Amino acid sequence: MGTITRERFEQGMGYEEFKASMTRNQERFIANEERVRLSKADVDVFRRRPLRVMVLAADWCGDVIANLPVLGIIAKQAGTPDIRVFERDANSDLMDRYLNQGTFKSIPVFAFFDDAWKEVGVFIERPETVTELRAKKRREIFASHPEFGSPDAPVDQLAEDVRARLQHELQKMRDDMAEWANAEVVRELRAIVEGRATRGGAHQTKEG
Amino acid sequence: MRPPVKIRITYCAECGYEPQTLDLAGALMHEFGARLSSIEIIPWDEGTFDVRVGDSLVHSMARDGGFPAVDAVKAAVRRSLEAA
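Order-wise, the sequence lines are chains X and D. Residue numbers for the first sequence, in my numbering: 1 to 208. Residue numbers for the second sequence, in my numbering: 1001 to 1084.
Excised from the complex, chain D in its bound form (with noise of 0.2 Å):
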């Protein structure tokens, strides 16, 4: 059985991201259930929205621009589960 993998979202709490911090969790929570280790939400600052899926930083809005596409993030974690 693969291993479960850690998902970490850094968000700016001082620009209100978090219905989409809340919504990307929600969606990955209802996708995943337990092959998810942990889904980690860091508040922060400057304008963060970061996702990381295992040690991969699959979006940053400073690299990226914008949030994430949920599905790609979705995607993302299914390639992870794959390879690991």
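So here's chain X without its partners, still in its complex pose (with noise of 0.2 Å):
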């Protein structure tokens, strides 16, 4: 199983490096940097306390999109921490070493070390919290449209025009949510760099 020392972790892409490699999703990814907002309060946390993240990531990835500028902009405003990107799939080792539940490979992965190289926490895909919003959300929109059936169903048994409609609520839904959801992943950072968690991010995705 892969382990991060100064050596392998300088093998790694830089944040801009990894930004200016994507092949999709650009676009989506700097429109979420933009959309990141930190306090004083946050920059001061993340700069008293200098660390590297090795972090594991796709350009194909949702949450990937959505939570790796959150560490960027906090990079880019506090200084720190350094970020070094590895693609998820060219890097088995380090993935197996974090893998969700021992299982699945979600990403993003940020692992924070400290300037001994000892792990101070991991943050896997996203916030519990923002998972179960999301859910709570998905399950009003079906609530109120009774033509989107069951969440529960397959939605290819939707006629197409209401299954576009379904995904542009879907869509609407998660870019109101986003501010939300940046700032629940600054608190979650802040948790592991302030000592105050070891872990973050939910842990239920199937394979992604």
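The hints are simulated quantities; they were obtained by calculation from the structure and are not laboratory data. If you're wondering where the values come from, they're calculated on a predicted model, not measured in any experiment. Errors might be hidden in some of the hints.
To be verified - Taking CB as the label site, the calculated pair distances span:
hint, chain 1, residue 1, chain 2, residue 2, range
1, D, Asp1055, X, Pro50, 58 to 66 Å
2, X, Ala31, D, Pro1043, 17 to 25 Å
3, X, Ala135, D, Arg1078, 13 to 21 Å
4, X, Glu16, D, Glu1082, 54 to 62 Å
5, X, Gln77, D, Lys1006, 50 to 58 Å
Stated by the list, open to error - Heads up, simulated DMTMM-like pairs for lysine to aspartate or glutamate below, C-alpha to C-alpha not over 25 Å straight-line:
hint, chain 1, residue 1, chain 2, residue 2
6, X, Lys172, D, Asp1045
7, X, Lys105, D, Asp1045
8, X, Lys172, D, Glu1018
What the hints assert, rightly or not - Partial selection, computed: residues in chain D whose CB lies under 8 Å from chain X:
hint, residue
9, Lys1006
10, Arg1008
11, Thr1010
12, Glu1014
13, Gly1016
14, Ile1042
15, Trp1044
16, Leu1057
17, Ser1060
18, Asp1064
Where is the CB? At the ideal position from N, CA and C, for every residue including glycine.
Both chains are sitting in their own frames, so use the hints and assemble them into the complex.
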């Protein structure tokens, strides 16, 4: 199983290098950077404890597009942490070390290390609060649109125009939640850096 | 002559399941050709990977876990063609 040393860490891409390398979703990624709001207190917390973060990511993943910009803006404004990004599927040894529930290759992974390369905390995928609120909002959308049927029914049984409307409603819900979700990511990352938590993120995605 | 069968593959675009989707669609195209009326590919989210043959949901990631074995989907298509 992969271990993180200074040498291995430095083989990763810098944040801007990863952004420049993206072959898809770059516009969404940049749009989310612009939605990140940090208070002075947030910036001070990260500035007080310089750390390194090993990131596992891929440009096709919605949670990477949503959450890696939060970490990137923190680093930009606080001058720390030092970020190195590793492509998930090209670094299976590292991915195997951070499997969600010991099974799933959920990304992003943000693994925080101190000067002695001791791991101080890990964030995986997204905050559980975001997963929970998204599920609640999703149920509300279905409840207020009987034409969408059951939230548990396969969507391919919906007429194409109905399915398109459902897709629009779900995207709008995610957009409306984005700033709040970013704040939840900041809250969990702060907790790791302040030593109040060693784990962050949800742990229930099946595969991605 | 038996009527052709429709296939629907619903996949999670946010999870990057395009390779598995295209591999399955390609395998079915090569195996069954014009015995399929169409292959509909639906980009979705929430970790979905569902495969429907005719009216029958032969695989659901939420229900069955993981991706389907291509041979199992081919077998379901054959059964559907034989039953038609």
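Report the numbers of all earlier hints that the structure fails to satisfy, in ascending order. Numbers 3, 9, 18, in rising order.
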